[in-house]
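Protein chains in written order, with the numbering used here: chain A, 1 to 404; chain B, 1 to 80.
Treat the hints as calculated values from the structure; they're not laboratory data. A hint or two may mislead.
As the list claims (entries may be wrong) - Computed cross-link-like contacts, SDA-like style, restricted to lysine to any residue with a CA-CA straight-line distance of at most 20 Å: (1) A:K159 / B:N69; (2) A:K195 / B:T78; (3) B:K32 / A:E284; (4) A:K159 / B:E65; (5) A:K73 / A:A39; (6) B:K45 / A:N281; (7) A:K37 / A:D74; (8) A:K130 / A:F240; (9) A:K159 / B:E76; (10) A:K195 / B:V68; (11) A:K195 / B:L66; (12) A:K195 / B:L80; (13) A:K53 / A:R20; (14) A:K53 / A:E32; (15) A:K159 / B:L66; (16) B:K45 / A:E286; (17) A:K118 / A:Q315; (18) A:K37 / A:R99; (19) B:K32 / A:E280; (20) B:K32 / A:L287; (21) A:K159 / B:V68; (22) A:K195 / B:G74; (23) A:K118 / A:A224; (24) A:K195 / B:E76; (25) A:K195 / B:T18; (26) B:K32 / A:E286; (27) A:K195 / B:K45; (28) A:K50 / A:G35; (29) B:K32 / A:R289; (30) A:K130 / A:A146; (31) A:K393 / A:G368; (32) B:K32 / A:P351.
Unchecked claim - Partner residues are not named here, just some residues of chain B that face chain A (Cβ under 7 Å, in silico): (33) T18; (34) V30; (35) L33; (36) S35; (37) P39; (38) S43; (39) L61; (40) A64.
All of these numbers come straight from a predicted model, not from anything done at the bench. Don't be surprised by glycine CBs; every beta carbon is placed ideally from N, CA and C.
The lines below spell out each chain.
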Amino acid sequence: MQIAYTVRELNAHIRALFERDNDLQDIWVEAEVSGFKRAEPSGHCYFTLKDGKSQIACVMWRSNAMMQAVLPKDGDAVMVHGAVTIYEERSTYQLYVDRIRPTGVGDLYRQYELLKAKLEAEGLFDEERKRPLPLFPNCIGIVTSASASVFQDVQNVLKRRYPLVEVVLSASLVQGIDAPAQLVRAIERLNMLTKVDVILVCRGGGSIEDLWAFNDENVARAIAASQVPVVSAVGHETDFTIADFVADQRAATPSAAAEILTPDIYDLELGVERLSTQLENILEYELARRRENLGDQTRLLRQLSPLASVRAYRQRIDDWGMRLTSNQRGRLALLRERVASHERTLLATSPQAILERGYALVTDAETGKRITSAQQVSPRIAVQFKDGGVEAKVETQTEAKGGA
Amino acid sequence: MTELDTMNADSGALPALTFEAAYAELEELVLKLDSGDLPLEESVKLFERGRRLAVYCQGLLDEAELRVNQLLDGGEITPL
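Whenever a hint applies, use it, and build me the whole structure from the sequences.
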């Protein structure tokens, strides 16, 4: 009895044959592209490779197409890599392409040179267009892939150097055919945020195809149109993309870009410290200067002041005061002595004093007149002694003394 | 309460300043003070302002922590 295959079994068997062949599973083919078509919305690409009269149907899945720097156009000479197997539903064999390269790198390079010359002629690379970067950025917009280690590297540098800054990631593919449109959108989105004051467009290293999105005309124009300065850091130090030429500044690597974009916190700390010290010193100096000035003035004042002569006067006055006092004392004593002497004289000459010495005062008993001569004697006289008086009758008159 | 907060609390104008603005003002102020010829009262006033700016700047540097956000397609910003 014959064993009959089902169609499915047959196709599977043939498929297995293709897939057992190592050459067919890892093959490079050089040919010309025809009937290139990118299906929507799947994003898978279908085309035919021709050379002379031979042709082979080709499929490139979206995932692979996405990684392409550029997709070929009909008539392009290319080298493709992939695997041959069969499409069982149609029992046709196809080349499943995972990479397409323009023949040689010459083609990409020519495109690059053409675009570069064109934009340069437009003045997009002119030095006058380059804007200065903010010295102390407040918010850095970063255009790169969220998953890329590059983004982490940039964050690390910013954290270390200038943690005052805010980072806003505007995520974008950085490789493949969809990358240019996303890069453009990411740049435009950041431009709508007023707080962003500088943009960093970056990507890690890769082949010329990997970096190709940064040689896209629209990306270049989006960078040129950015309201805020753009720093580009694409690939390695030796890679120069069109984006680098248009950007306000190019950095050799993303980490280097982060350094260019920010001041070093260490320098800022030193700066603040320096200003602080300067501030203290100036005030101290100002105060010292004024204190010294005040001292000078005081000394000058002392020299010029009447206070000095006032002191001299005061001393003289003291001297005089003392002298005056002793003079006065002398004079008072003299006066006192003189008064005492007058008093004594007065006392010595008073009538009472004479009576005290034993004399008597004789008056006319009738008239009270003092009788100081024998001629004046009246028949009745009053005699006053020191301690009382008597009245007397005159009997006889004696001869005048000394013969008057 | 940190030193920075304390200072923010007793100076109305400072908290709104960016580091850049505060640093620039501090530099300018030192230059002005250094030129001399200011009345003592004004010197002291500038000095006090400068002192506050310096502490403020130092505080910003000490307490700074990198903020990382993501800008979405719609224009919203979310922390990353």
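**Message:** Need the list of violated hint numbers for this structure, in ascending order.
**Reply:** 9, 13, 17, 27, 30, 32, 36, 37
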